[in-house]
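Top to bottom, those sequences are chains F and S. What the first sequence shows, in our numbering, is residues 1 to 461, in sequence order. What the second sequence shows, in our numbering, is residues 1001 to 1221, in sequence order.
Any given hint could turn out to be false.
[To be verified] Keeping only pairs whose Cα atoms sit at most 27 Å apart, straight-line, the calculated DSS-like set for lysine-lysine is:
id: 1; chain 1: F; residue 1: Lys281; chain 2: S; residue 2: Lys1011
id: 2; chain 1: F; residue 1: Lys313; chain 2: F; residue 2: Lys236
id: 3; chain 1: F; residue 1: Lys350; chain 2: F; residue 2: Lys442
id: 4; chain 1: F; residue 1: Lys350; chain 2: F; residue 2: Lys313
id: 5; chain 1: F; residue 1: Lys281; chain 2: S; residue 2: Lys1171
id: 6; chain 1: F; residue 1: Lys350; chain 2: F; residue 2: Lys378
id: 7; chain 1: F; residue 1: Lys236; chain 2: F; residue 2: Lys350
id: 8; chain 1: F; residue 1: Lys281; chain 2: S; residue 2: Lys1173
id: 9; chain 1: F; residue 1: Lys442; chain 2: F; residue 2: Lys406
Since the hints were derived computationally from the structure, they do not count as laboratory data.
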Amino acid sequence: MTLEANISGSIRRRLTLQLLGIAAVLAALLFVMVMTYAKQVAEESQDNILSASATSILDSAAIQSGEVTVDIPYSALSMLGNVSDDRVFYRVMADGKYLTGYESLPDAYTAKGRENHRFITSHYLGESIRMVSATRRLSNASGPVEVTVSVAQTLKRQRETLERISTNAAYLGFGFFIAAAVLGVLTAQSAVRPVQTLANSVSRRGPQDLRAVQAPVPGEMAPLVVALNRFMARLKKSLTRSEEFIAEAAHRIRTPLAVLRTQAEIALRRVERPENRAALKEMIRAIDESSRAAGQLLDHAMVSFRTDHLEVKEINLLELADETLERLRPLAEMQDKTLSLHGEELPSIKGDAILIQNALSNILDNAIKYAPQGEDVKITVTHEDKWVVLSVYDQGPGFAPEDIEKLTERFSRGKNAEDTVGSGLGLTIAEEVTQAHGGHLKLSNRTNVRGACVSFYFPQS
Amino acid sequence: MRFLLVEDNAKLATSIAERLTLDGHVVDHAAEISTAEDFISTADYDMILLDIMLPDGDGRDFLNEHRGRQDDTPVIVLTARSEVSDRVGVLDLGADDYITKPFDFSELEARCRAVMRRKSGGVTNAKRFGDLVFDSLAGTLKIGSKTVSLRNKELRLLEIFFSAPDVIFSKTKLVDRLFSYDEDVSENAIEVYVARLRRHISSSSVQIITVRGLGYRLSLT
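Just chain F, with the same shape it has in the complex (with noise of 0.2 Å):
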């Protein structure tokens, strides 16, 4: 099983690349907005100028003697000249007949203009010029006399201006952006937050916990948090499905084993030849491992099922291991093996006591199991920081080193177990236990002597 999510892409990437690049196409348009303003701007107040001095020109056109005279006013030359070093030219004609000026000014019939004001953009004597052409009709003797006047200036001083505000503008437009995308950033964030939270409140629940999802989501969401909660409902219904069938399972394979057992002891006292006897044992020794697998499966899907479902009381761990002890001491004085308990009164714990309780008396059976015989368990209750610990010795061979890391998994029973009954699922039992009341389970030997040491860390409450 693959634990690795298949990404293709990223939400949030995706996100913050869109509004980056709406950002990026609004400064780029703020930036040709704000040159195309100022380049009409520029343009009309240089044409406004151009035209008020085509026009003062113009009036001082006048008949003399039959002849078109042109005064041309000082005015009408330095309202243009006065701040930049802009060149102007101009040029008078009279009926298509140049008069005066630069008689090679190009002309600007073909452009459009506003009443009787022609302007062109074009080149002259290499460089850029705007040029207005306006014309008045005089009145001679021998008929109207179209004056036309042409004034023009380069367009130095207006690139100039256009490259400042250019310049500003690119500032304006990159500035717009940085802040667009710090938001589009922030934006993206908050977008996914609830994916975040969501993912965290699910990875954080324990293996058991397959409650619904109860935390609020946006409604974008919701559907993917009603098809996880189906889920988790399905895959609970069919846990519980499986364990109850493993309960079911175990309950009637232990009567018949029952009987099986008794007569595999009848027989033995009856017979004689070592052979039968070592057989019957055999047959004996098979049943045990049966119904301690039923038996531990039953707990296991037991301890399953109340984990979800914890009775949490608060529980005095002295008194609770006592009475494991009470409950097993029969077992382990058939055997000779002395069970004793060492403890002081401690911080109480939260918990189910029937769990723990269980999960003791499997350990408390592995060891009295494994301990030789004649030899004693041990069983103390401590208080290491905010832990309260319940230690089971004893003096069996111990863990192989190896083994400790795996022994909690399922039907994992350790390399110096092999000619004793058990199925191995004790300290899974132990340690599924432990976890569900959010303490943890440490497998250790014990030092200068022989002997394991299985300890249950539960939290203080």
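Given the structure of chain F, go ahead and fit chain S onto it with the hints provided.
Relative to chain F, chain S alone:
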């Protein structure tokens, strides 16, 4: 000991009864609660072995009524379910102990003894042989006025010899009585316990005699 076995599975009941008889116990078998009640009203038992699921009711109801009658006979519940919650339930209802099917008869015997020791409340049940005074229930042995402390297996061995002084017990028989079958012991292990027991009673008028090829017996010197 006299047992009342309340168990509805006929095969299991027959086997248990037969097995207990082999150890010299007397067993009456009732398949239903009503039969069990008839038995109780007519005879005294040392121990009641009670199944939980019975055809005419729940063993727990029987327990309840039994305790209501102020009857002091100890009850050990036989359960097929090993759930601790079930076991705790029967203990709360007044059962003295419980044992899970299938069970080891040495474990049953050990539990019976523990229950009876608790219940006897100091009433002595001592037997005498020579200058030995032995109370198997309390687990005490006195030589004259001197108390000797014995471990469980030694007590059990002495109990077997005490049950029939001067009778020869084979090693096989002793192993069968003394060890549960999942303990991997050879018959020679008996020699170890016999030797220890001999050491404990060496100052008394009683001794364990080896009968070559046959076994051991307890005799006066």
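Note to self: Run the distance test for lysine 350 of chain F versus lysine 313 of chain F: straight-line Cα separation, threshold 27 Å.
What the structure shows: Given that 27 Å is the threshold and the Cα spacing comes to 5 Å, the pair holds.
Handout entry: Proposed proximity, lysine 1011 of chain S with lysine 281 of chain F (alpha carbon, max 27 Å)
Key = OK: lysine 281 of chain F and lysine 1011 of chain S at ~21 Å, within 27 Å.
Can you confirm whether the C-alpha distance between lysine 350 of chain F and lysine 378 of chain F stays at or below 27 Å?
holds, 24 Å
Quiz item: CA of lysine 350 of chain F to CA of lysine 442 of chain F, is that 27 Å or under?
Solution: holds, 19 Å
field: Straight-line alpha-carbon gap lysine 281 of chain F to lysine 1173 of chain S, limit 27 Å
entry: With Cα atoms ~14 Å apart, lysine 281 of chain F and lysine 1173 of chain S stay inside 27 Å; holds.
Pairwise hint evaluation, lysine 236 of chain F against lysine 313 of chain F, where the allowed Cα distance is 27 Å at most
holds, 25 Å
Practice item. Assess, step by step, whether the Cα of lysine 442 of chain F is no farther than 27 Å from the Cα of lysine 406 of chain F, and give holds or violated. Key: With Cα atoms ~12 Å apart, lysine 442 of chain F and lysine 406 of chain F stay inside 27 Å; holds.
Next item on the list: Given the hint that lysine 281 of chain F pairs with lysine 1171 of chain S, test it: the Cα-Cα distance must not exceed 27 Å.
Entry: Holds: lysine 281 of chain F and lysine 1171 of chain S sit about 16 Å apart, inside 27 Å.
**OP:** Compare the distance between the alpha carbons of lysine 236 of chain F and lysine 350 of chain F with 27 Å, and conclude whether the hinted pair is satisfied.
**Re:** holds, 25 Å
Checked against the numbered hints above, the structure violates none of them.
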